[in-house]
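Fit the two chains together into the complex; they arrive one by one in their own frames, and the hints show the way.
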Amino acid sequence: MKFAGLIDAVTAGALQAAWMNAALSPVSEPGRRAADLLRPFVRGEESDANDRAQLVMRFAGRIDAKRVDAMRDALRGSPDPLPAISRAAMGDVLDDAQFLELQRFLDAAARIDALLDGEEAPLVDEACAALARTLERGRAGKFGFYLADNFDASLSAARADADRAQAEYDSARGRLAQRVAQALGRDEPPAGEFIVMRESVPQLPQGVRAIREAPTYYLCELELDAPAVEALGKRDAANARVAAAEQSARVMLSKNVRDAVQALETLTVRAGQLDLLLAHARFAQRYDCVAATIEPGAGIAFAQARYLPLKAELDAQGRRYEAISIELRDVAVLTGPNMGGKSVALRTCGFIALLAAFGVPVPAQSAALCLFDEIAWLGIGASEDGGGLLSSFAREVVRLQEILSRDSTRMLVLVDEFARTTTPYEGKALLVALIRVLRRRGRVAFIATHLAGIARDARVRHFAVRGLRNIPRARSGDLDAALAALADSMDYAVVEVGESAERHADAIALAHLLGLDEEIVAEAGTVLAEETGMSWIR
Amino acid sequence: MRTGETLLELVRGGGARSLFVVGTGKNVGKTVAMRAIAAAASARGLTVGLTSTGRDGEAIDAADSLAKPRLFLQPGCVVATARNLLPEHPASEMLDVTGWPSASGSICFARVRRAGYFEIAGPPTASAIRECVDRFFSYGCDQAIVDGAQDRVAALAGGGDAVIVATGAASARTIEDAVDDIRALVLRLGVPACDPQKPMLKITGALTASRAAQLVSAREERQIVVRDPTQIAMHGKALLGMRGRLDVRCERPLRVVAATIASIGRDRYFEPRAFADAVAQATGLPTFDVYAGTMVRAA
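Keeping their order, the protein sequence lines are chains A and B.
To convert, note that position 352 of the first sequence is 352 in the working numbering; the numbers rise steadily by one, no gaps.
To convert, note that position 67 of the second sequence is 67 in the working numbering; the numbers rise steadily by one, no gaps.
The following block holds chain B by itself, in its conformation from the complex (with noise of 0.2 Å):
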C-alpha cells in the first residue's frame, strides 16, 4: 500500500484540489499524512502548495522539546509561512510578502528552488488561510494542502475542499476516546446537505450546545440548517448525543475523504490495527496507517 498515493487519490478523484488535513490534536499525525501526500503529488509531477494553521516541520516541539516530524520539500512546491522561518539555504524564490502577521513575521509566500527541509507556519486567521489557498492556484498549483488545527476549520468554509481526519495516540488515553472523539469530528464536518423540498429551520450564527439543547426539548423536527458545518460549534459528547435527536443539515457541505491514525503518543502505544478498524467502523471512512504502510476500510 502506497498510502500517500492512496490518499492523494482519494482526494484528486472527488475533483478536490485543495485539502485540509484535520486533527483531533497535537501530535496526532496531520505532518506525516501530509507529508505524505504532498511527496506523492510532487513524484507525480504536480505542483503542491503548503500551509499550516499551526506550525510544521520544526525539528523540535516549542513546547515539549521532542522530536517532530519534519518536512522535506521537492522544487516547485510553494509554501505560505513566516518569513523569519523560511530557511536562509537553501535559498527559496520569493514571490510575495504579505501584510499577515504572526508571531515568527509577515506570512510570504516561497516557491522551493532546491529540495531541503521548510517549517510552515501559516497565516493565524481562517479568512487568510482561505486567501492562501487561492494564492496556491494563482502561484500555479495544482494542490493545495493545509495542515489544519481543529478549531480553525472555519477555513473550511469556502465549501470545494477534501478534508482528511486524524486522529492518534497523543490525544486521548484510550483507543475507545479516540475513536468518540474522531467519529464525533466526522460527524461534524460531515453534516450532510440540506433538502431544500423539506421543512427547515435555518440557523444564523453557530449551532451552540445550548442552542441545540433547547431545540431537542423542543421536539423539533424540522432540518436544522446551518450555513456550514464550521458552524457546529460543539465538540465530542454534545455532538454525539445531539445525533439522532436533531436533522442536522447544512448548506455548503464538506467532503471528508479519508481518517489517518498514529497510533504512537508520546506517553503511549495503540495497537495500530484494532486502532485503525475502530476508526473504520467509527467513521465509515476508509482509514489510513501512514507509519504502517496500510489502509483498512470498514466492514
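Extracted from the complex, chain A is given alone in its bound form (with noise of 0.2 Å):
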C-alpha cells in the first residue's frame, strides 16, 4: 500500500505502518503490483470504502481460514508469469524456463479456482485453459517441464538419430580412448586432456596428440582417427537437427501463449487482485476485524479496538492487552498515567483511521470514522529533524508548524505530549491555545497531555487512562517483572471524565515500582504533599 499523501514519514513512523503493510502483504509479484496500485479512499467515496470492506468481510466469512492459507500458498510458489507473457506479447521465442513459470502459474490459478469451488468467478477461462492443455504435454514428474517430443512431430525421429549418432560417436571414441590407454598402460581411458610421461613412452602412441610439453611430461588430448571423426560429424549433424526441431516446437508453443496473450494478462491481473483480497481478508480474519461504517460527517469512534503492533509484542510475552474504545468528534483531551497507555490509544485512533482509508476491516468490535484527508502526528516518535541545532521544544514547534501549514481540511490530528519540556505554565498556555486552533480549523484532533486543566480552560471533551487500580507492595528490582505487574495493576480504559479526575499521583509510585532510589522516593512524596496536599498511591 502507498501511503503517501495520507501519512508523512513521521506519522508512518509513529503508527508503524511498515508493520501494517507487512501484515496486508500480498505474497506474489502480481499481488505486490495489485498492492501498488492500491491508494486510500477519499472524502466522496465512503460508499465505495465501505462496499469494499464488506467485500472483504463477506470473502473471509465464506472462505476459512484454512482455505484462504492454501489459496496464498499457491500464489507464494507460483512465478511472476508477466516477463514470459510480455516477451510473448512481442513476437519472441520463449525459452523453457518461461515455459515452466507459466505451467506454474497456470497451476496455481487452477489450484485456486479449485479451492474457490464456486464461490467467486474462476480465474482460469477458456484461453487459458487451453494453454494449459497444451503446456501439459511438457509436464515432466508433477512440477517440471520438458520440450517432449509430442510437442513437434519431427522431434522424435530427431532425438532418435541424435541418440544413434551419439552411440555410434562414443563406440568410435571409445575404441580410441581404450586402444590409447592400452599403449599408455593406463587403467582409465583418457577423458579431456590427460599427462604422459617422458620416460614411459619412447614416442606418443598413435592418436594421441601433445598440447603442450613441459621437460618431463607431455599435455595430451585424444586426436581422432578417421572413423572417430566421421561419427563426431554424424553427431554434430544430428544434434543441429534436434536443436531445429526444438526450436520449432519452442516457436509454435511461444505462437499458443501469444494468441492467449490477452486473455493471460487479464488472469495475472485477477490473480494480483485475487491475492491482496486474501492478504486483507486474512488480516481480517486472523485480528478478529470488523469492517468500519465510513461516514460523511467528520469524527472517529470505535469499540474495543486494538493497536495491533504492541498487541502482537505483547502477545509473543504472554502479556495482556486491554483494548480501548473512544469516541471523538472534533478536539479532545487524553491524559492519564505514565505507562498508561495514552500514546497507544492516540496511535489506536490513527492506526484505525488508516486502515479504515483503504477499505480494510479493523481490529474492533465496532467502528464508525469519516475517510480523513491526511493523519498527522506530533510528539514522542515523531524523527530527530533538526539533529543537534534544535531542542526538543524547538523540534516540536517546527513539526507543529509544519502540520498546520497543510492546507487539507478534514485531517486527524494526534498530539502526543506537545512542549512537556517547556515551563509547565508556558506549555500550557501553548497547548490551550493549540487545541483552540484546531478546534476553529475543523479539525478532529485528539491531545495527549500530563498538563492538568487543559481541557477545562480550552473547554473540550477530557477522557483519561482509568490508571492504576493498586500498587504491589514489593519491589522485585527485576524489571521484566516490575512491567508485568505494572500492567496486571493498570486499568488500560480510557473514559471520559471531569476534571476533578485530574489529580493522580501516579508518577512516583510507578517510580518506585521500577526500582528507583528509596530516599528520593520517600522525599518526593514529601514534597508532594507539602505542595499539593496530595499523597501518592502505595
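These aren't lab readings, by the way, just hints derived from the structure by calculation.
Everything numeric in this text was worked out from a predicted model, so none of it was measured.
One should not assume that every hint holds.
[To be verified] Some residues of chain B that are not near chain A, with every Cβ distance over 12 Å (derived): (1) 169; (2) 195; (3) 200; (4) 205; (5) 214; (6) 222; (7) 233; (8) 251.
[Claimed, not checked] A short, non-exhaustive set of chain A residues, derived as facing chain B with CB atoms under 7 Å: (9) 93; (10) 96; (11) 97; (12) 136; (13) 140; (14) 144; (15) 145; (16) 186; (17) 188; (18) 192; (19) 214; (20) 243.
The beta-carbon is built from N, C-alpha and C at its ideal position, and this holds for glycine as well.
Below, the structure is given as C-alpha cells:
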C-alpha cells in the first residue's frame, strides 16, 4: 500500500505503518503490483470504502482461514508470468524456463479455482485453459517442464537419430581411447586433457596429440581417427537437426502463448487482485476485524479497538493487552498516568483511520469514522529532524508549524505530550491555544498531556486512562517482573471524565515500582504532600 | 588407477552424499576432478546434482580468454545454474526457477535429458548453495557435488559433507608455495571436533588472525572452539603459524577425504610426481593427479 498523501514519514513511523504493510502484504508479484496501485479512498468515496470493507468481510466469512491460506500458498509458490507474457506479446520465442513459469502460474490459478469451488468467478478462462492443456504435454514429473517429443512430429525422429549418432561416436571414440589407454598402460581411458610422462613412452602412441610440453611430460589430448571424426560429424549434424526441431517446437508453443496473451494478462491482473483480497481477508480473520462504517461527517469512534503492533509484541511475551473504546468528534484531551497507554490510544486512532482509508476491516468490535485527508502525528516517536541544532521543544514547534501549514480540510491530528519540555505554565498556554486553533479550523484531534486543566481551559471534552488500580507492595528489582506487575495493576480503559479526575500521583508510585532509590521516592512523597496536599499511591 | 571412481569411493565410503571440491585458487583442477567424479557416479548409475560457487564448464575463461575444461553431462544429472547459461540445445527438463539472482539470470534447477555440454554457475551465497544441496536430494539425486571457491566455504557449515581439496601450478609460484597453501587449507578445514570433557573457550563468530595472536600471547591452553572450520578466518602462513600454539577445535567438523593436483599452470609446470608426493606428505591425504591417472599416499 502506498500511504503517500495520507501520512508522512514521521506519522508512518509513529503508527508503525511498515508493520501494517507487512501484515497486509500479498504473497505474489501480481499481488504486489495490485498493492502498489492501491490508494486510500478520499472524501466522496465513502460508499466505495464501505463496499470494499464489506467485500473483504464477506470473503473472510465465506472462505475459512485454511482455504485462504491454501490459496495464498498456491500464489506464493507461483512465478511471475508477466515477463514471459510480455516477451510472447512482442513475438519473441520463449525459452523452456518461461514455459515452466507459465505452466506453474496456470497450475496455481487452477488450484485456486478448485479451492474457491465456484464461490467466485473462476480465474482461468477457456483461452488460458487451452494453453494449459498444450503446456501439459510438456509436464515432467509433478512440477517440471520438458520440451517433450509430442510437441513436434520431427522431434522424436531427430532425437532418435541423434541418440544413434551419439552412440556411434561414443563407440568410435571409446575404441580409440581404449587403444590409447592400453598403449600408455593406463587403467582409465583418457577423457579431456591428460598427462603422459616422457620417460614412460619412447614416443606418443597413435591417436594422441601433445598440446603442451614440459621437461618431464606431455600434456595431451586424443587425436580422433578417421572413423571417430566421421562419427563426430554425423553426431553434430544429428544434434543440429534436434536443435532445429526443438526450436520449431518452441516457436509453435510461443505462438500459442501469444494467442492467449490477452487472457493471460487478464488472469495475471485478477490473480493479483485476488491475492490482495486474500491478504486483507486473512488479516480480518487473524485479527478478528470488523468492517468500519465510513460516514461523511467528521470524527472517529470505535469500541474495543486494538493497536495491533503492540498487541503482537505483548502476545509474544505472554502479556495482557486491553482493548479501548473512544469517540472523537472534534478536539479532545487525553490524560492519564505514565505507561497508562495514552500514546497507544492515540496510535489506535491513527491505525484504525489508516486501515479504514484503504477499505481494510479494522481490529475492533465496531468502528465508525470518516475518510480523513491526512493523519498527522506530533510528539514522542517523531523523527529527530534538525539533529543537534534544535532542542526537543524547538523540533516540536517546527513540526507543529509544518502540520498547521497543510491545507487539507479534514485532518486527524494526534498530539502526544506537546510542550512537555518547556515550563508548565507556558506549555499549558501553548497547548490551550493549539486546541482552540485546531477547533476553529475544524480538525479532529486527540491531545495527550500530563498538564492539568487543559480540557477545562480549552473547553473541550476530556478523556482519561483510568490508571493504576493499586501498586504491588513488593519491589522485585526485576524490570520485567515490575512491568508485568504494572500491567496487571493498570486499568487501560479510556473514559470521559470531569476535571477532578486529573489529580493523580501515579508517577512516584511508578518510579517506586521500577526501582528508583527509596530515599528519592520518600523525599518526593514529602514534597508532593507539602505542595499539593496529595499523597502518592503506596 | 581409475581416479574418478576411487575418489567417488572415498567420498561415499564415508557415507557422505554431498561433496565440496575446494581449491587453493583458480585453475587448479577443481572442474576436472568434479567431472571425473560425476562421470564415475553416472557410470555407476547414481544420479548426480552439480553446482558451483563460481562458473564452470565455459569453453573460454572470461577472465583471460584461455580454454577451460568443459562439462559434458550425462542424462539424469541435475544442475543448479543461471538460467541464461542453460543451453537451448539439448533441451533440459526444467525443474524450478528460483528467486536467487546471479549475473547471468536467476538460478534454475534442470535435469539433463540428453548428454551435452553444460555451464554451471550456482547461487552467490553460501546459504543458497547449502539449499541447492538439499534441493538436489529432493530431486532424487544420490550424490551432490559442489565446485566451491575457498572464500565460499561457509556453505560447508551444515556438516556431513565430504571435502576434496585441490591445488595446482596455476595458484603458486613453486611447489613449496602450493604445498604450504594446501596444507593450510587442510589444516583449516580439518580442524578436529572439540572434546567436551576438557576445558574450552568458545569463540562466537570468526577466529581471526588478531584474535588468535591475542590468545597465543595470553598462553591460552584451553581448547579454542569455533562452530565449524569455516569460522576460522585465517589463511596460509598465519594459519600455519598458529599450529602447535593453540589447540583449535570445532563443534561441527568437516571430513577432508582427498587432495588433487594439477601440475600444469597457465605460466608454469610442476613435476607431477614430486608435486603429488609433497602434497600427500604435507596433508596426509591420498593425493590424486586426475590428469596422470595416478594416486599417491603419504609414506
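Hint check:
1. 169: violated (10 Å)
2. 195: holds (38 Å)
3. 200: holds (31 Å)
4. 205: Consistent with the label, residue 205/B stays out of reach of chain A, its closest Cβ about 27 Å off (over 12 Å).
5. 214: holds (35 Å)
6. 222: holds (34 Å)
7. 233: Residue 233/B is indeed farther than 12 Å from all Cβ atoms of chain A, at 35 Å.
8. 251: holds (29 Å)
9. 93: With Cβ-Cβ at 9 Å, over 7 Å, it is violated.
10. 96: With a closest approach of 5 Å, the residue 96/A hint holds.
11. 97: holds (5 Å)
12. 136: violated (14 Å)
13. 140: Since the shortest Cβ distance to chain B is 5 Å, the answer is holds.
14. 144: holds (5 Å)
15. 145: With Cβ-Cβ at 5 Å, under 7 Å, it holds.
16. 186: holds (5 Å)
17. 188: holds (5 Å)
18. 192: Constraint on residue 192/A satisfied, holds at 6 Å.
19. 214: holds (4 Å)
20. 243: holds (4 Å)
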